[in-house]
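So you can see what is in the structure, the chains are spelled out below.
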Amino acid sequence: MMVSGLLLNITICFAITLSSFAFAWVLARSEPEHGDKSKPALWALVIFWTLVGFTYLPTTIRMIAAYTQNYGLDQMMYNLAAIPFAFVSVPLVYFIIYVIVGNKKVSGYVSFVFMIFGSAYLTFLYSNGVNSTVTEWASLFSVNSDIAISIYLMGLFVVPTAMILGLLLIILLQRVPKRLRYRTTLPLVAISFVFDFMLTDMITNIDIMQVFARLFVLIGTVQAFLAYFPPLTLQEKLGIQEYQFDFYEEDDETEHDIEDDIGDEGDDTNV
Amino acid sequence: MSDEIDVELEQKVADYYKSIGINQGPGDIQYRLILKVLENNSDRITEFADIRKYTDQFADRGSIGSKIKTIFQLEGLVKKVKRGGYKVTDKGLMAASFLKSTTTFYKKVKRMSDIIERMP
Chain A
1 MMVSGLLLNI TICFAITLSS FAFAWVLARS EPEHGDKSKP ALWALVIFWT
51 LVGFTYLPTT IRMIAAYTQN YGLDQMMYNL AAIPFAFVSV PLVYFIIYVI
101 VGNKKVSGYV SFVFMIFGSA YLTFLYSNGV NSTVTEWASL FSVNSDIAIS
151 IYLMGLFVVP TAMILGLLLI ILLQRVPKRL RYRTTLPLVA ISFVFDFMLT
201 DMITNIDIMQ VFARLFVLIG TVQAFLAYFP PLTLQEKLGI QEYQFDFYEE
251 DDETEHDIED DIGDEGDDTN V
Chain E
1 MSDEIDVELE QKVADYYKSI GINQGPGDIQ YRLILKVLEN NSDRITEFAD
51 IRKYTDQFAD RGSIGSKIKT IFQLEGLVKK VKRGGYKVTD KGLMAASFLK
101 STTTFYKKVK RMSDIIERMP
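Each protein sequence line maps, in turn, to chains A and E.
Going by our numbering, the first sequence opens with residue 1, and the numbers climb by one from there.
Going by our numbering, the second sequence opens with residue 1, and the numbers climb by one from there.
FYI, nobody ran anything at the bench for these hints, they're computed from the structure.
It is possible that some hints are incorrect.
[Said to hold, decoys possible] Okay, the calculated bits of chain A under chain E, using three or more residues with CB under 8 Å as the criterion:
hint	region
1	29-37
2	97-110
3	174-184
4	190-204
[To be verified] Selected chain A positions facing chain E (in silico; Cβ < 10 Å):
hint	residue
5	Val26
6	Pro40
7	Ile164
8	Ile170
9	Tyr228
10	Pro231
Since this is a predicted model, take the numbers as computed values, not measurements.
By construction, the Cβ of each residue, glycine as well, lies at the ideal position given by its N, Cα and C atoms.
Modelling step: build the complete structure from the supplied sequences, incorporating the hints.
In C-alpha cells, the structure reads:
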C-alpha cells in the first residue's frame, strides 16, 4: 500500500522539477525578443522558476528517500529544499515591484527585505528542528517553531500574494486588447497558483493534501508555460491569434487613385 | 496666476494625441497652452504677453493671435475685452476642464502601457 502513493508523489515532484527548469530555460532563451525595459522582470522570472525547480529537485530525492525508508537522507533533503524555498519570494517581489513602479533600485530594496525574511525563516527553522512522519502518500515534516511559520505565512506568502492580486487588478481594470490581457494575466495567475500551493505543500500535515498541493503546483507550471507559448488551438478558441500580415506595399497610392479606380469600374455618372 | 504650467508635460500630451490622429484641440500644443493660460487667469484679463511666456518656444507671434481669433474668439471661448486683452467665458472654462481630462487620460494610458512594456 505504501508503494503507490509515494510513487505518485515522486512522479509529481519530478515533473514539477523538470517543467519549471525547462520553463526557466525557455524564458532565458527568449531574452533577445524582449525589450530593455522588460529584461529585469524577465530575469526575475527566470530566477523565480529556477528556484521553484531547485525546491522540488531535493524534494524529489526526499520522496525517493522516504520511499526507500532512508530517513536520514529524507531530513537532509528537507533542510536543503528549505533554502531555495525560503528565497522564492525574493525574485517574485522584485518582479512585481519592478513591473508596477519601473524602478530597479526600489524593487531591489524591497526584495532585499524579503531576503531578510527568508533568512529569518531559515534561522528559526534550523534552530528549532522538525518532526517527521512518513505515510503511504507522503513524507511530512512539521516545523516546531511557531515564529518560523508566522514569518513564512505573513512575510513570504501573504504579502507577495497580495502584490500579485494588486497587479492583476490593475491590469484587469484597464481596457487592453484581449491578447495582451491573456498574455499579462495568465502568467500572474500561474505564478500565484504555484506560489500558494508551494506554501500549502510545505506547511500541511495531511498527506493527501501534500500530494494535491503538488499537483496544483504542476498545473500552475503548465499554465505559465501556456501563458507564454499558447498552442494554436487555444489561441483560436480564445480569439487571440497573432495574424501574420505582410505589409501591403504599393507606393504612391492615394485616396485619389482609389477613387479613380472605382470610377473606372462603375459608369461615368460621377465624371 | 494660480499655478505654473508644465510645458513639457503639455508637449508630451499633445504629441500623444497627435500620434493617435488628433491634430487639433488636445493634440495642438498651442491650443493647450492658450487654454491653460486663460484658465489660470480666469478671474482677470489675459494679455498676449501672458500666453507668449509659454508659447514663444513653439510659435511665432502671428500664429497665436490668429489662433485666438479663429478658434477661441469665433467659437466663443473668450471675449475680447480690450486691445490684446481677453477674458475666458464659461464655455471656455468647460473646454479647459475637458483639456484636463485629456491629460488624465494620457497619464492613465501611459502608466498602463509602461506596465505592459515592462511585463516580459
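Numbered hints the structure breaks, given as an ascending list: 4, 5, 7, 10
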